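Novice: Once you've looked at the hints, dock chain S against the given chain L.
Protein chains: 2
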Amino acid sequence: MNAAVSGQVKALTFDVFGTVVDWRGSLIRDGEELSRRTGVKTDWGAFADAWRGEYAPSMKPIREGTRPWVNLDVLHHENLLTTTKRLGVEGLSESDLRWLNLAWHRLDPWPDAPEGLARLRRKYVVVTLSNGNIALTVDLARHGKLPFDTVLGAEVAKQYKPHPQAYLTTVSLLQLEPSQVMMVAAHNSDLRGASKAGLRTAYVIRPTQYGPGQKSDLMPEGDWDVVASDFLDLAEKLRA
Amino acid sequence: MNAAVSGQVKALTFDVFGTVVDWRGSLIRDGEELSRRTGVKTDWGAFADAWRGEYAPSMKPIREGTRPWVNLDVLHHENLLTTTKRLGVEGLSESDLRWLNLAWHRLDPWPDAPEGLARLRRKYVVVTLSNGNIALTVDLARHGKLPFDTVLGAEVAKQYKPHPQAYLTTVSLLQLEPSQVMMVAAHNSDLRGASKAGLRTAYVIRPTQYGPGQKSDLMPEGDWDVVASDFLDLAEKLRA
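These protein sequence lines are chains L and S, in that order. Here the numbering used here is used: position 87 in the first sequence is 87, and no number is missing along the way. Here the numbering used here is used: position 114 in the second sequence is 114, and no number is missing along the way.
Isolated chain L (complex conformation) (with noise of 0.2 Å):
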């Protein structure tokens, strides 16, 4: 990245699910804490990336106008019946399935993710800007330590990324222009995004975030402004 803009960022602005913190992972070992606890047994790598697979679709209404806004939280509970239906998972109470749905606020980071994050935060203001609930987020940041210094994203603007108001909200709260905003995010997608409503971009490679076979994802698929394999490499990319 040249010099010029990387003097003009003042915040970057973080993707949080597969970017921070690794989301297969962690509900598969919650998935397993739950078969222990209830005798209930599934593939639960099947189940994640099931239920990670309603996600894009039951946003999607939502940002076309066509249902109002409703939180990550709710969307991910419906999305859980959805998927112990199609995948035939029986003999969970309904306290089981709102404990499962929290795993999304359980979530553990990346091994490099706190520490990649106080170093760019000497230099950055660093603020989430994910599609996940403020309360989701919160209880993410606390459960990883992750030193944000605040939480905004989807639910400030009530409209999901990659909706340009979802990410204009966040820099219109923070007070900065668009072009002073990075955004940081694993997903090409994100970044088109970001990049559409006139924020910086840099892409984090996270290699593992859709499982041992991922095909998507594993490389710049545009002209990002900084790509690096962590938050360490990204720290030492923009000087912080």
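What the hints contain is simulated information worked out from the structure, not anything from laboratory work. One should not assume that every hint holds.
One copy or two, it doesn't matter: identical chains are merged, so the pair holds either way.
Unchecked claim - Below, simulated DSSO-like cross-link-like pairs (lysine-lysine); rule was C-alpha separation at most 27 Å, straight line:
#1 10 to 123
#2 41 to 196
#3 123 to 237
#4 196 to 10
#5 145 to 10
#6 60 to 215
Everything numeric in this text was worked out from a predicted model, so none of it was measured.
Specialist: Same frame as chain L, now just chain S:
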């Protein structure tokens, strides 16, 4: 406070100006720096009092619905122009005034605040519920190394305290019931607003927040759940 209340509370929401930070002392410090730099002189203690004196009246039309939402940086700037005119302070450039307005982003914490918050955070979610806007509060938290879990308050509600909506929007974004949230403030009026909205209340005495001759907010004026001399005492009383 009885143990049942203590066990039910999940989050502490903090008033900021006067409760967490010493606005008056910090404004005087920045004013004096401006005098040294520009040669423009005034009694900065009187200036700070007059400027802060415009605060409550300036929010009133917004609370009453006769003026659309604008955030506190905007009100502070309008109030600054009123104050310089009223006190006959002349010779400050537009850029001096902008710098002075941002003094509200550089207020120093009371000495017990960082450690007190860190202790309270081990047991509770700790969140700002200030009339200050998000960018202002993020700057303050970074400046004072204040370990808040996130910044909420008036701007996410587009409504100023003590309007109930200002409290209830933060409670709702935390996905809690009002009775699970305790408002921490050095102002009886703020706690009256919080209590009316159903929140628990903690009064922290800040006997010099209005300067050496302080006459109000020197003691609790309501049946608040906790009364503490500072944040360390609050942590002690909440067993955090």
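Novice: Each hint: holds or not?
Specialist: How the hints compare with the structure:
1. 10 to 123: within (8 Å within a copy, 32 Å between copies)
2. 41 to 196: neither (44 Å within a copy, 48 Å between copies)
3. 123 to 237: Classified as within; 12 Å inside a copy, 36 Å across copies.
4. 196 to 10: within (19 Å within a copy, 39 Å between copies)
5. 145 to 10: both (23 Å within a copy, 18 Å between copies)
6. 60 to 215: within (23 Å within a copy, 56 Å between copies)
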